[in-house]
Amino acid sequence: MRRPPLFVAAWNAAFLLPVVVLILGAVSARWTFPNVIPEAYNGRGLLFLVRNAAGISTSLASSFAYSIAVVLLSALLCVLPASVLARYEFRGRVLLEAVLLSPVLIPAIAYAMGIHFVLIRLGLADTAAGVILILTAAAYPYMLRSLVAGFQGIDPNFEACARNLGAGPFRRLLLVHVPLLAPALVAGGSIVFLVAFSEYFLVFLVGGGAVKSFTGYLFPFLTAADIPIASALTLTFLAVPLVLFAVIDRAVLRFYRRRGIE
Amino acid sequence: MTAFPRRRIPPSARPSVLLRLSPLIAFFALIVLGGLVAAVLQSLGPPGHRFYPYDKLFMDDAFLGTLGHTLYVALVSTVVSLAIGTVGAYLLWRVPASYQRSLQVYRLPIVLPHLVIAFVVMVFFSRSGIVSSVLYRLGIIDEMTSFPRILFAPNGAGMILAYVIKEAPFVMLLAFGVLARVPRRLHTTAKLLGAGESRIFFTIMVPHMAPIINQAAIILFLYTFGAFEIPYLLGASKPQMLPVYVFSRYFHGSWEDRTTAMAALVVLGLVALILVVVYTRTVVRRSASERIL
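Chains as they are written, first to last, in our numbering: chain A, 1 to 262; chain B, 263 to 555.
I should point out that these hints are in silico values taken from the structure, not numbers from a laboratory. All of these numbers come straight from a predicted model, not from anything done at the bench. Any given hint could be a false lead.
Unchecked claim - Chain B regions said to be covered by chain A (calculated; three or more residues, Cβ under 8 Å):
1. 392-400
2. 525-534
What the hints assert, rightly or not - Label-pair restraints from in silico Cβ distances:
3. A:F90 - B:L535: 20 to 30 Å
4. B:R461 - A:A40: 47 to 57 Å
5. B:V299 - A:A40: 50 to 60 Å
6. A:G209 - B:G330: 51 to 61 Å
7. A:T223 - B:L353: 30 to 40 Å
8. A:L242 - B:A472: 27 to 37 Å
9. A:F90 - B:V539: 14 to 24 Å
10. B:V393 - A:A210: 35 to 45 Å
Stated by the list, open to error - Stretch by stretch, here's where chain A covers chain B in the computed footprint (C-beta under 8 Å, at least three residues):
11. 287-293
12. 487-501
Ideal Cβ positions, reconstructed from N, Cα and C, are used throughout, including at glycine.
The task is simple: from the sequences and hints, build the whole structure.
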């Protein structure tokens with residue numbers, strides 16, 4: 001087709017536009033109607049990040065910590081069930097798989113607001129533990145799906161071989177399956193992390209004000225429509241998953257290179 | 263990736279299979295199922311008038327308006343996202359493979375959080391926003407107030423825009439994955455036989471994408487139906503979207519309002535359950551590569 005260069009430019013421009021606007025917004029001083037780009041620029045938005053570095057990094061660290069905890073808990077909960085669902089055929093397997101994957105379709109609000117009352121009674125409301133539990137419920141199906149696919153791609157003979165050589169179930173899991181499942185763990189883990197890290201409502205509902213989150217920090221600035229500050233914070237927010245994914249990508253690549261699998 | 267075949271459970275392995283499954287089943291039963299059951303229990307009225315909150319709910323015009331509005335916003339955003347996503351995937355497919363790599367930025371909105379999308383929509387589509395400014399410069403509108411109200415509009419335009427920006431690329435990603443397996447010669451042959459672009463799209467591409475479209479439709483609809491963030495930021499105060507209605511009734515209402523809020527939540531949950539059953543039935547017979555979830 002003859003058009004591509006122009007098509008490529010228009011396509012990329014359209015999808016990058018939001019980020020360009022966020023960058024412009026972050027350095028703008030005044031941006032009023034009918035100016036398509038800001039009238040004046042200053043460092044107020046960026047200065048805000050520096051001045052409030054303590055509060056911002058606390059909330060980022062908190063979001064990061066509970067999101068990683070959600071990834072680990074999801075992996076822990078899903079790895080053994082995934083091995084069963086991938087390896088065995090039994091009556092009700094399809095139904096069981098559908099039921100266990102259903103939280104990805106059921107809006108989280110439906111069970112989160114119901115369980116909230118119970119979490120209050122158990123003393124888990126307004127705690128990080130409560131937030132991790134509810135976020136795991138919403139996000140674990142991505143891990144389960146990814147691990148089932150991962151297990152289906154591993155030759156069962158590997159496990160039989162390890163068993164014949166005398167490895168117990170725990171060693172087989174740790175030394176045979178986990179390394180082979182690394183791509184599935186990373187793929188599932190990335191989505192789980194992203195879901196947990198981006199979530200506002202569940203953290204706000206179950207965590208109250210007590211569990212800090214970056215989404216909670218950002219929210220008032222979005223509603224106040226303070227463009228420079230909201231843009232600067234939003235860009236900070238976007239950087240975290242992007243940096244994390246880049247790091248993980250390289251780590252996984254190195255891991256496989258070292259083992260000569262690639 | 264080749265999938266190794268499943269085998270029957272040998273009787274000796276039965277206890278270990280149960281043991282391996284039980285932690286996740288217990289977690290699901292406690293939090294998800296437990297949460298749904300707790301919502302039902304909290305939605306019931308006093309003894310003898312168990313379903314009184316539901317009677318009240320369905321007599322309440324505000325709730326009926328909310329329900330209709332939520333169904334409408336979910337339906338419109340789903341249909342528009344599917345239309346843009348599938349056409350976008352076809353455009354991407356037609357581009358020579360060497361260019362396709364440089365077009366991958368379309369995935370960006372998939373990783374952008376909903377809060378961020380909502381903010382971008384505010385910046386672009388408020389009355390004093392970028393789109394309004396561009397239209398003014400082009401002489402299409404002569405003052406700010408002739409730009410239609412999109413944010414917080416009772417027709418849900420701001421929310422629909424936000425959902426489409428977020429979800430059309432998701433559909434595009436899935437649909438492109440399917441189209442990548444469509445042989446190029448189908449397109450070439452159809453062209454030689456004189457079929458136009460739209461005919462090729464509807465008679466060749468759409469049938470290939472159909473399984474993905476069906477699944478994505480349910481996923482997107484349910485998400486839009488039950489999400490809180492975008493309605494909270496971009497929705498009108500009247501009619502409210504269902505999740506916002508439930509939330510504000512529950513936390514800002516009287517004691518009695520809490521029960522009706524829970525009844526509304528149960529309605530939301532029932533719609534979700536019905537669609538989960540439909541979804542499961544459509545994907546049961548599909549191979550792993552044809553399934554989204």
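| said: So, against the hints stated earlier in the document, which numbers end up violated here? | reply: 6
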